[in-house]
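Q: Below, each chain spelled out in residue letters.
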Amino acid sequence: MSQRLDVAAQWRRVSPKYVVVVLVSSLIGGVIAAAIAVFAWLVLGWGWAWIALIVIVVIALVQLIIAPRRARAIGYQLRDDDLLIRRGIMFQRFVAVPYGRMQLLDIERGPIDRVLGLAELKFVTAAASSRVSIPGLVDTDAAWLRDRLVELAEARRTGL
Amino acid sequence: MTETYSAATGLADGEWHRMHKATPFLRGGIAIVAVAGVIIANLRERIVNLFLGTPDYPSGDPVDAIIKHNFEWPAIGIAVVVIAACVGVFTLSWRVQTFRVTNEAVELRSGILRRQERKARLDRIQGINVQRPIFARVFGAAKLEIVVAGHDANLDLAYLPSKVTETLRREILRLASGVRAEENVQRDAAGAPFDSPAAPAEGGGSASSSLRGSARDVVADRVDEFISPADLDPDAAPPASVVRMHPGRLAGSLLLSGPSIVMLLIVIAIIVGAATGRLWLIILIFPMVLSLGGLYIRRFSKAVRYNIAGSDQGVRIGFGLLTTSSETVPPRRIHAVELLQPLAWRPFGWWQVRMNTAGHTRGRNSAGESRTTTLPVGNRRDVQRVLPLLLPGMDDVVRDAIAHAGMTARADQSAFSSAPGRAAWLRPFSWRKTGYTIADGVIVVRHGAIWRRVVFVPLARMQSVEVEQGPVRRILDLASADVHLIDGPVHARLPVVDVRSAEELFALAGAGAIAFAESEAEHGTPPAPSNTGRDA
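Heads up: the sequence lines are chains A and B, in that order.
Note that the numbering used here has the first sequence beginning at 1, numbered continuously upward.
Note that the numbering used here has the second sequence beginning at 1, numbered continuously upward.
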């Protein structure tokens, strides 16, 4: 009887298109790793490299299969005074950051993000371990969210 | 613009002031010593000859070469030009290095070719540190370091006459905490701050009399410098330290700390080396023994004159024997306090107290270490005396009870929650003592078996809170929780906690972080009614 960690909230999910980002990036990673393994096997003649190749292919396949779930597991909620974030299926992580602790906001777009019109919002506090980011936001959502968060943080600023 | 420091409090008047006259020599101290060393090494024989008059000393030093080539006058000319240039640059760099303290900020301007202006806003000051390196103490100078959050963001007023640093620190802190009005009244009444109103007749003659007395006083001042404790206050007696450092206990705690394991290995290696006749082993190891010994001596001399006291401007922590340092941390700048007990200290009941503050002296060097260590070693009673200074927001009874429970009581009779028995799979020795409690807006976390830790985090300082569950913890119905803090030696992490308890912690800490930050913003600085120096 294993109990899942859970925090009750009305989670807002990220764009369904984010699945593509996860798929493509795990595919690229898998292909590169597989290529290295094939190179080691056929060119360098390392006999055990084919085992590594199988492991890499299996990991890549598993990643591709769980990609939609991974993307769906990401959620955020703007509560009255803090931002709530969840990520992960195997390793679940919940973080609550009061708006007043915001130091700066970053919007980042990777190459795949740009093609799909997505962005990643990073919420930076004075603590390095906070690591709060919401990937897979539609561009307009990201901009709106950034402005909203800045506005909320401004009203609740606590300084350092 | 004034350069006289006889009136100490005149420095925080919003005008530009200069540094101590010996500043260039102290800043370039090592370079000057190195240059002198090279010159002396080259002319060693000649100097010996000059004093002892050996008739036929071996020639071949640079002076001989100069004489042989008939190059005396140009050489002397070059030397004069070089010295003049050095003195000129030094004087210029001293002249352009100025600072001022206004109602809003401390500002520093420096640099000849690259002008630098640095401004530290008073409401962003995380602490003020008075450092007296041994070399500077000889000149009666000290460094005032204004600590601001951010990497390498500190503003150093180096160097100031050590007599005024203490007063200046108090003035800056007073400005920062908004106790400005009272200060203004005093200054207006007294004219010059150090002229006592009771003796106005002396005012005219004071300059000349101080000049005459100065030569005699200088010697006495220097002697005073070295005898006086780490943070001697020239006019107002500093509050007495609440803890006295016992040299024996300090030595014991150092011997029972991490480096001693290396020392033990070295001793074993030496014995083995001697027994088996491999003497090269000893030669190989000897430098390590020296450096370890140096480490012990450094740590001991730093901590032996440790003192801590509360003042109306914050907590004062003093360190150091030859190079002294004394820091004042204003209230609400302490983000976390940790009580730490390594395994070897347990039989003696010793604890160390450390804290997280925003802003650090350069990286993790030895100075940074001493800044975060609030009590190098002490027994439970010492800890109970130090904690009220560091956690002024907590009720005395509650704090004492929690600290006592955290340091001693077994899980079943303490205020702390306890991890369930199945957590023994992950933390076989410490699961019983892994838990948390929240009281008076402070979350207290304790955990650890080899290093026992009790961590106090005021919720108003907490940055964010996290709960996490991986596959192993899911099988065991457990989770881990982490209260995120600003960078520092202290971390508030609960490695194992019941799932429901973790969810509860997440909710409580999250709500508390908001509520207490808000109530603090409404009530302002606790000790003084604040009207300036804070954001609207």
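For the record, the hints were derived by calculation from the structure and aren't laboratory data.
From the three backbone atoms N, C-alpha and C, an ideal C-beta is built for every residue, glycine too.
Certain hints may be false.
Claimed, not checked - Pulled from the structure, derived: some chain B residues nowhere near chain A, Cβ distances all over 10 Å:
no.	residue
1	Ala85
2	Glu107
3	Gly111
4	Ala405
5	Ile438
6	Val465
7	Val467
8	Gly470
9	Asp482
10	Leu485
11	Ile486
12	Pro489
13	Glu503
14	Gly510
15	Ala513
16	Ile514
Unchecked claim - Each computed DMTMM-like pair below joins lysine to aspartate or glutamate, with the alpha-carbon atoms no more than 25 Å apart:
no.	chain 1	residue 1	chain 2	residue 2
17	B	Lys21	B	Asp123
18	B	Lys68	B	Glu104
19	A	Lys17	A	Glu154
20	B	Lys119	A	Glu120
21	A	Lys122	B	Glu107
22	B	Lys163	B	Glu107
23	A	Lys122	B	Glu468
24	B	Lys163	B	Asp64
Q: Look at each hint and say if it fits the structure.
A: Hint check:
no. : hint                : verdict
1   : Ala85               : holds, 44 Å
2   : Glu107              : holds, 20 Å
3   : Gly111              : holds, 28 Å
4   : Ala405              : holds, 27 Å
5   : Ile438              : holds, 15 Å
6   : Val465              : violated, 5 Å
7   : Val467              : violated, 5 Å
8   : Gly470              : violated, 5 Å
9   : Asp482              : violated, 7 Å
10  : Leu485              : violated, 6 Å
11  : Ile486              : violated, 5 Å
12  : Pro489              : holds, 13 Å
13  : Glu503              : violated, 6 Å
14  : Gly510              : violated, 4 Å
15  : Ala513              : violated, 5 Å
16  : Ile514              : violated, 4 Å
17  : B:Lys21 x B:Asp123  : violated, 30 Å
18  : B:Lys68 x B:Glu104  : violated, 64 Å
19  : A:Lys17 x A:Glu154  : violated, 32 Å
20  : B:Lys119 x A:Glu120 : violated, 34 Å
21  : A:Lys122 x B:Glu107 : violated, 33 Å
22  : B:Lys163 x B:Glu107 : holds, 21 Å
23  : A:Lys122 x B:Glu468 : holds, 19 Å
24  : B:Lys163 x B:Asp64  : violated, 48 Å
The structure does not agree with the numbered hints 6, 7, 8, 9, 10, 11, 13, 14, 15, 16, 17, 18, 19, 20, 21, 24 stated previously, though it agrees with the rest.
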